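Two chains, two separate frames, one set of hints: put the complex together.
As given, the protein sequences belong to chains A and B, one line each in that order.
When you read off a place in the first sequence, starting at 1, and then add 1, the result is the number in our numbering.
When you read off a place in the second sequence, starting at 1, and then add 129, the result is the number in our numbering.
It is worth saying that the hints were derived from the structure and are not from the lab.
Do not rely on the hints blindly, as some may be mistaken.
[Unchecked claim] Incomplete in silico selection of chain B near chain A, CB under 8 Å:
(1) T271
(2) P272
(3) V278
(4) L385
(5) I386
(6) W401
(7) A404
(8) T416
(9) T423
[Stated by the list, open to error] The following residues of chain B were derived to be distant from chain A, with all beta-carbon distances above 10 Å:
(10) A176
(11) N181
(12) V190
(13) L198
(14) G221
(15) L228
(16) L233
(17) A260
(18) Y287
(19) L288
None of these values were measured; they are calculated from a predicted model.
The beta carbon of each residue, even a glycine, is placed where N, CA and C say it ideally should be.
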Amino acid sequence: MTAVPADDAALPESRRGGSALARTVSTFLENRLAAVGVGIVVLFILFCYLGPLLYHTDQTHIELSDATLGPSAAHPLGTNEVGYDQLGRLMVGGQSSLEVGIAAALLATAFGTLWGAIAGYAGGFVDAAMMRIVDALLAVPALFLLLFLSSIARPNVGLLILVIALISWLGPARLVRGQALTLRTRDYVRSVRLMGGGPMRAVLRHIAPNAIGTVVVNATFQVADAILTVAALSFLGLGIPPPAANWGDMLSNGINYTYDGYWWLIYPPGLAIVLVVVAFNLVGDALRDSFDVRLRRR
Amino acid sequence: MTGFIARRLVQSIVVVLLVTVIVFILLHLLPGGPARAQLGPRATPIAIANFNHEMGYDRPVPVQYWTWLEQLATGNLGFSVKLNQSVLSLIGERLPKTLILTVLSTLFALVVAIPLGVVQAVRRNQPSDYAITFWAFVFYATPPFFLGVVLIVVFSVYLPILPAEAPQSSSLGVILSQPAGLILPVLTLALLTVAQFSRYMRSSVIENLAEDYVRTARAKGAGEWTVLVRHVLRNSLIPIATLLGLSLPAIFSGALITEAVFNFPGMGELFWTAAQTQDYPIMLGITVLVGLATVIGSLLADLAYAALDPRVRFA
Chain A
2 MTAVPADDAA
12 LPESRRGGSA
22 LARTVSTFLE
32 NRLAAVGVGI
42 VVLFILFCYL
52 GPLLYHTDQT
62 HIELSDATLG
72 PSAAHPLGTN
82 EVGYDQLGRL
92 MVGGQSSLEV
102 GIAAALLATA
112 FGTLWGAIAG
122 YAGGFVDAAM
132 MRIVDALLAV
142 PALFLLLFLS
152 SIARPNVGLL
162 ILVIALISWL
172 GPARLVRGQA
182 LTLRTRDYVR
192 SVRLMGGGPM
202 RAVLRHIAPN
212 AIGTVVVNAT
222 FQVADAILTV
232 AALSFLGLGI
242 PPPAANWGDM
252 LSNGINYTYD
262 GYWWLIYPPG
272 LAIVLVVVAF
282 NLVGDALRDS
292 FDVRLRRR
Chain B
130 MTGFIARRLV
140 QSIVVVLLVT
150 VIVFILLHLL
160 PGGPARAQLG
170 PRATPIAIAN
180 FNHEMGYDRP
190 VPVQYWTWLE
200 QLATGNLGFS
210 VKLNQSVLSL
220 IGERLPKTLI
230 LTVLSTLFAL
240 VVAIPLGVVQ
250 AVRRNQPSDY
260 AITFWAFVFY
270 ATPPFFLGVV
280 LIVVFSVYLP
290 ILPAEAPQSS
300 SLGVILSQPA
310 GLILPVLTLA
320 LLTVAQFSRY
330 MRSSVIENLA
340 EDYVRTARAK
350 GAGEWTVLVR
360 HVLRNSLIPI
370 ATLLGLSLPA
380 IFSGALITEA
390 VFNFPGMGEL
400 FWTAAQTQDY
410 PIMLGITVLV
420 GLATVIGSLL
430 ADLAYAALDP
440 RVRFA
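Chain B with its partners taken away, still in its complex shape (with noise of 0.2 Å):
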């Protein structure tokens, strides 16, 4: 196990090198550029070849990605010429809010969608199975563009009872005391994710519970709470598992639409205006933060295989 872990580490730079490459080689494939885009259209031919001078972007593509590998080395993710600040501190400014955003979401996800999937799954058929059934379909279908509209619609404009925006601070603990803010962002990201994990939970429950493991748990006399806890719902947490592996780079890449229906500029702002403005340092920084969560992401869900499913082995 702990040389299957040293080499999914080592495997996981790797990614993040590569990502880095393909990220590297696809901006500079962009047309326009990052002068044309911070020296507006009217810029003359000489201060395009000067700002390019200046910052460096005329210097052969491997020239350049090697001095941001070394920079990246000492922890310097570069600064941001459109913003006049470092990348780290604009993260820094904006990782709270999507933490808070994405972190409560999955919780309250996580809470509500698993004893929902293995009710639904134990009662299949039943009207409480198509009852779930039917907000989960009809939640997961719903646009959260559209979801967060509604959502304001009822609650803020017909029944004035929560706000219609995110608390307006960027500072942790004035955003935490104002917490009916956060209900209806944290509403629209979190009921996408209860009916999607609740749909995989039933499925998996149900497979599982066709399997000979629970005839064999049931012929030898256990309960059926004992069966459902210590037989199936192991064994039926491993989708989810991979689908939270699969979730945690969201804290890094933020979630775009949702920031921006309930004015919460977050890192999918943040990502969002660095891309249209070209802003290299912004997006490099962030792709190298949502790369390494990904491959983090991915060898936690590969662990919890294991964990989970005795049957997997690492070799």
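The shape of chain A in the complex, shown without the other chains (with noise of 0.2 Å):
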């Protein structure tokens, strides 16, 4: 017993009582690295929503006399190539980060997980005819549909969101559908039918939940992959046209100055991106392990 749960023998007596989502909430806490990450994802939320109601700028107007100015008193992180103010605009284009991020991802792994399950419990024929639909969009290089979905409409928010999810929910399809091999020969799943539970009850009661482990982990990478194809597709220039913004085309903006010294064009959005990545990943780690009863002892 060395290397099963070292910290079993210190388990609080907080985590042993109460209902099982009392349990599940009380784990969460505990964990310092969660509230680490629920920490930075407060503060960005803050300093994205609040912080254009304390700090104005004009994020719409150009102002060439302004341009690529360092950081003053006037502008903390100086003011980019058509004099947007840096910091300013750091908070409007967090906005749009995060709610497509946030949006594409539940959409995405609420739809896949669904997916993969079924077609894991089901099996046969219903198993095969849902995964040969994955196996076809998923072998449809993402890149096209995104060149796709993007040259038939205009580029903004809801299409994003739409076009992220429409590529990421094959992942967690096929997890959760291979994890639902599995646990269909499991005993409890199988007793779900012998006492007389229909599919939906043991795919939604059973399967689902025991898979929950992958579905977070993978939900939480969904969050940073949704936010990381923003960013990609910025690059590529299929992100929103200004003078809407976004971190990823702040970034990825900023890049083509890597030679001029304007560094403030670059970290500053790149460090935003990677910490609320982070953070999400953080905080679903720590999701992870409270979710997962059978590591804790009862």
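Below you can see the structure in the form of structure tokens.
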């Protein structure tokens, strides 16, 4: 008994009693990294949504006489190549990065999990048909789908969310289906059928909750992926056109000036992306530990 | 098992055909069209009609599709008018570069990530776990073009020890003879993959360590090392097998962003340029290859489930 939960001996009282939900919440709260992750996300939400109310900047009108100014009292993070205040732009850009990332990840994970759980549990023809659809969509290069969707409609936040969700639900679907293949042979899933439970009950009450570790870990990566996909699209020139902004646009625009020494155009949006994505991963990791009841002493 | 493989191969062909149909239809829905992209915005309607007639783009879409399939059956992927070269020879030029980049970075990632994940799971919630986790999170969270630029700034500008560009040649021998130029692009791709693989590996090993069979093995007196390597590692590799299967098509679709940052035009750049100039033959050719690689990758992932987890049976 050395490698298995060495920290079990030190389990606090709070984790042993109470409802399953209370235990989940208390385990989550005890994780300091989770607190750090939640803290970073909350700070960024305040920064992006309350910030512009306190720190007023013009993010619509170009001011070329103020272009590429270094950090100063008037512009704490300098200005970009058309004179937008970089700190104010970081706030506004963060709003669309966060909105697109979270919305796309929720949509993709919910749909992918359900799809994979149903396919894996049903097996046979249903599984084959459902997974062939996943295979066919996976087999179309993501770049092709992105290009296609961006060329038929004017890029906007709603379209970006749909586009990213459309290419990212396939991963969770395959992962959950892989787990469902194993789970459906377990005795407690078989007993559902013996006791007269329908397939929906088996999928929703047994397969999906038991795949939750994979799903939650994957969902956090999906938020990360979505924010990073927005950045990649911006790098390729398929982002939301100015004067709208997101961190990806700001970063890919900034790296054009790598050799000019305009560091304030590169590192602030880059670090903002890294910090937020790291924060979502910390939260997801802590959620994984608190959901996984088998790791807890009962 | 043989029956299963045969059935999956038939399904694979169906999937690839499905993909070509989807792509063919989508291509013809794109606004603009190849004639406009080829002849420019000032071409007259007559010139456009002539071009379309010459290329056969004025025939019904099903007829065009059938002609293309017939050619495909003889191994002909078509001809790019824009680049005046056959699609097969264009892919032949670009494939070695992408192959080097993806294979080297995946191998590097596997060799580093599997042991890292196991170490993290065994020493979970200890300083070494936190340190590895921290770096995995940072690398995973970094957009590849940002990571590439940071690596260039650090290793080519401040400490000028590595070139900022990949080797500029299309011959495999020349590229491999300048390994220094490959370090930064391979590292850019690999650091992301290491971060991803080690997270899944850690999760998976922790989950498996809590399983009954581990308790049984320990009860029978198996040592820690035996339990880890013979029982836990095997079952923990299942998510990695899926991820590897899913990453197979990257060989043909390329790594566009890394290729762009390090000026290493591979398959990604070929596809990107073709998409922007609506070069149908190239887009269709690459899509078929990516489709084939994808179905083969997912077949291999399924076979890996069976090989790694004896509870999985294919009826």
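Structure versus earlier hints, numbers of those that do not hold, lowest first: Structure breaks no hint.
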